[in-house]
Every structure is written in C-alpha cells, then in structure tokens.
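Novice: Sequential numbering of the sequence shown, starting at 1, is according to the UniProt record's numbering.
For the record, the hints were derived by calculation from the structure and aren't laboratory data. These figures come from a predicted structure and were not determined experimentally.
When the alpha-carbon atoms are kept at most 20 Å apart in a straight line, the in silico SDA-like pairs for lysine to any residue are as follows:
(1) K266 - K302
(2) K497 - S466
(3) K302 - G323
(4) K288 - L312
(5) K461 - I393
Cβ-Cβ distance ranges computed for the label pairs, FRET-style:
(6) K55 - Q419: 52 to 62 Å
(7) R324 - E59: 47 to 57 Å
(8) R324 - D292: 18 to 28 Å
(9) Q90 - K389: 39 to 49 Å
(10) S46 - E454: 24 to 34 Å
(11) K258 - I438: 50 to 60 Å
(12) E318 - G369: 18 to 28 Å
(13) K55 - E243: 37 to 47 Å
(14) K320 - S392: 10 to 20 Å
(15) E243 - N483: 26 to 36 Å
(16) E454 - K389: 25 to 35 Å
(17) N353 - R441: 38 to 48 Å
(18) P87 - A40: 11 to 21 Å
Cβ coordinates follow ideal geometry from the N, Cα and C atoms, glycine included.
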Amino acid sequence: MDLSRFKNKKIALLGMGIENISVAKFFRLHKIDFVILDKAPIEKLSKEAQEVIGKEKCEIRTGENYLSHLKDFEIIVRTPGIPYLTPEIQEARLRHGYGGQTKENGSEITSSTKLFFDFCPAKIVGVTGTKGKGTTATLISEILKQNQKSKIKNQNDNSKLKNNNLTTRLAYGSPRRIQQFNNVFLIGNIGIPSFDIIEKIQADDIVVFELSSFQLQDLEISPHIAVITNLADDHLDYHQSLEEYRATKRVILKYQKKGDFAIINKDYPEAYRLKDFGQAKKYFFSSKEKIDNGAFVDSDGKVYLTVGGHELICRQNEIKLIGRHNLENIAAASVVGKILQVPIEIIQDAVKNFAGLPCRLEFVKEIDGVKYYNDSFSTNPTPTIAAIKSFSIPITLILGGSEKGADFSDLAKEIAKSQVNNIIVIGKEGAKIKDAMISTRVKAKITNGGKTIEKIVSQAKEITNSGVVLFSPACASFDMFKNYKDRGEKFMEAVKKLK
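Turn these sequences into a full structure, and let the hints guide you.
Specialist: What follows is the structure, given as structure tokens:
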C-alpha cells in the first residue's frame with residue numbers, strides 16, 4: 001500500500017463520523033498528520049470521536065465557520081454525510097472558486113470510500129439501491145461465508161472439493177473451477193468501517209460493500225460486481241436534485257469494464273435504464289416477470305435462479321424474511337452467488353437460514369393477539385410501501401419523523417388500497433403526511449401521535465384490536481432520535497414494557 005501521496009501534505013478530515021474516525025486511526029498509525037474539521041463542538045461529537053481527538057492530540061477546528069479555510073488544504077477527506085457538491089468543497093477543489101484555476105491546482109477531494117477503492121487489493125461486490133441494499137449485501141456475505149465453511153469442512157473430510165478441483169459450468173463460459181476466497185468482509189452502514197480492516201484484506205479475499213448515494217458521489221472506480229436493488233426518490237434533502245441523485249447511483253456501473261458483472265432490478269424503470277452504463281455483463285432480476293438469465297420471483301412466491309439453468313432457490317414459506325420485496329433481495333443475492341460459483345445447495349441453505357437485519361420488519365413482541373414490528377430503517381416512503389404489502393391482515397401504521405424532501409402521494413395511494421385501518425402520525429412531517437392521506441381520501445382513521453415514543457406506542461395499543469402494529473416511519477429520525485437505530489431501539493423498549 002503506497003501512502004507516499006499523503007506524506008508532508010496538509011490534510012483535512014472533513015467531518016468526524018464513523019468513517020472518518022476510522023481514517024483518523026489509520027493515518028495516525030502510519031504517522032500521517034491531519035487537521036479535523038467539524039461543525040459540531042467537541043463536546044457534541046460522538047464518544048469515539050472525542051477519544052480519538054484526545055488520544056491523538058490533533059488539531060481540530062469546529063463551529064459554524066469550519067469550512068471557511070478549506071482552500072488551505074491539499075487533501076480533503078470528506079465524510080459521506082457532507083455532500084461532494086457543497087460550495088466550499090467545490091471552491092477548494094478549484095482553489096479559487098468556480099471561475100478560478102483548474103482542478104489540477106486545487107485541493108484533492110476524496111473520501112474513505114474512494115480511498116478504500118484505491119487501496120483494496122481484493123475484488124469488491126458493491127450493493128446500492130433506495131431500499132434493500134443492507135439486507136442484500138448481508139445475505140451475499142452470508143452466502144459467501146457459508147461457502148467458505150463448506151470448503152473448509154469438505155477439505156477436512158477429504159471430499160470432492162479437496163484441492164479445489166471441482167468445476168462448474170456457467171452460462172457465460174466454459175467449465176471453471178469453483179472460486180474460493182480466503183476471507184469474506186462485509187463493510188458499509190451494516191458492516192464495519194472500511195479503514196478498520198483495509199490492512200487485513202489480501203488479494204484472494206472478497207469484500208461486500210453496501211454503498212449509499214453519499215458514498216458513490218465522487219467515486220471514479222466501480223466494483224467488480226455491482227448490484228442495484230432498486231431506485232426511487234430519496235435523500236432529496238442531501239442531493240441538489242433528483243437527477244443528481246440518479247447520476248450518483250450510475251457511478252456503481254459507470255466505470256465497470258469487460259469481465260465485470262452487474263445485477264439490476266428490472267421492475268424499477270429508473271434502475272433498468274442504468275443497463276446501458278459501463279461495460280459489465282448484465283444480469284437482471286424481477287418479481288413481475290420471468291427472467292431467462294438472472295433470477296425471478298413467480299406469482300406463488302418462489303425464487304428461481306436462471307443463470308446457466310433453471311433452479312428453485314426457495315419458497316416463501318421456507319424463509320425467515322417477511323415480504324415479497326425480500327424475495328427480490330434473495331433473487332439478487334442468488335445471482336451474485338452463482339457468478340462467484342457458489343454451489344446451488346449452499347445458496348439455498350444460506351437463504352433459508354438468513355434471519356434478516358435489525359430495524360427491517362423486525363418482529364418485536366405479540367401482545368393480546370397483536371404483533372408489533374420494528375421497521376425503523378424505512379426512512380422514505382418506498383420501503384414503507386413494501387412493508388405494508390408484506391401483510392394481509394389489519395395494520396396500525398405509525399408514520400412520521402424529520403424531513404427528507406419526500407413526496408407521500410404514492411404512499412397514500414398504497415395505504416388507500418391496503419389493510420391499513422389506523423394511522424398514527426408523528427414528528428415534523430406528521431402534518432404533511434396527514435394532508436397527503438386526506439387528499440387521497442384514505443379511509444383509515446388518523447390519530448396525532450404523542451410527543452414521546454412511549455405515548456405513541458400506548459396509543460397504538462389502545463386503538464389496535466387485531467392484526468399488527470407496524471412502525472415504519474417513511475421519514476428520517478433526527479427530530480426525535482439520534483438516528484434510525486436509536487429510534488428502532490426506543491420503539492422496541494416501549495413495546496416490551498407494554499402489558
């Protein structure tokens with residue numbers, strides 16, 4: 001790993017989120033000096049950030065004017081939470097602003113994700129999408145880890161896999177050896193920070209990387225295998241426009257070369273349009289139509305893999321995940337497994353044993369015949385729509401939170417034809433959601449939620465006689481909670497206190 005580009009340079013770590021905390025530790029380990037810039041005062045930073053600052057005794061600049069001297073730095077490592085197109089960042093990139101000098105004379109703008117792609121010696125499976133990317137990335141990781149366990153067991157048993165001599169035939173080529181990886185790493189929002197493990201990764205490992213639009217924004221490299229679970233309006237509070245958001249998602253395919261692979265959800269027009277970007281071999285998956293070279297979900301909830309054959313992966317009643325949208329995630333992950341030459345029986349076993357992730361339609365408790373589900377990860381209407389479709393029994397739906405620029409009209413239309421008969425609206429977006437429901441003439445009873453999660457959960461219990469209570473806010477969490485995880489945990493705590 002060549003770190004000479006960082007030596008004797010003026011470096012700024014812009015924002016002390018989880019990723020840049022990881023970069024700070026890495027830089028200090030390699031005696032690379034840096035300055036920390038963050039809007040929040042030191043006492044408001046996370047405990048881990050404060051520990052890093054105290055331990056490393058590095059220079060830190062905080063406050064409202066933390067961006068005012070960006071042009072002083074030669075390299076700026078941007079945290080994903082600060083948009084690449086922030087005016088001060090672009091001015092630093094051009095050194096004297098948009099009408100100033102050329103890019104070559106400006107600051108180098110990078111990020112932990114961009115640096116990771118530069119340094120990682122192993123192949124990367126990148127997963128992005130408006131919803132489902134965390135579940136899909138984790139399932140891909142589980143499939144590959146299960147394959148590694150099987151390899152080790154079979155080698156110890158002196159089985160057919162000994163010395164890796166077993167071959168398989170894929171649709172895109174002649175018989176090939178089963179591809180084995182030494183280690184499987186899962187990173188991203190659902191894994192560990194990328195620079196915590198960068199020096200552990202070898203060329204014969206594989207990395208599964210959950211990639212948000214924030215992380216893709218300034219990448220100039222695409223992963224070996226790219227997965228797009230879907231694409232819908234989201235993060236319009238972060239991106240300058242819907243088109244800019246779409247352009248950001250294209251990056252995952254844009255720099256792919258021949259020999260790379262892309263798996264795209266054909267059911268979403270915005271995602272399907274990306275098929276023309278990059279040079280990778282394209283596979284598709286769908287829950288609406290049969291796919292001849294990829295995977296599909298039929299009308300009975302069966303997932304079929306059609307890469308080099310036609311194989312049943314699972315039936316809906318054989319898996320632990322809830323909802324048809326999760327069958328789409330299984331379809332995508334199965335295609336990745338096949339591309340990486342994982343035996344079909346290992347893919348099937350991993351899928352059937354996968355229990356999902358916290359805050360994604362997570363079962364909490366059953367009280368008086370009513371089941372409570374934590375879907376706090378739904379921070380925009382798209383995953384909430386998918387969650388509603390997962391149930392065919394009466395639903396009390398808890399909606400609301402802080403603003404992300406979302407349009408709730410499609411959500412209202414789905415609720416109007418669903419089993420939702422009670423809606424509790426909460427947070428800053430509660431009034432906007434209520435207006436959307438009234439405009440669509442939703443028949444469900446609408447209740448204004450309390451100021452605390454305990455009161456909201458108590459209200460839900462009072463008005464729900466049967467079915468489920470679904471906490472799927474369709475909004476960000478920052479008006480009442482630290483983040484979606486904190487929101488989900490607080491909801492679960494409140495439910496568990498009910499009697």
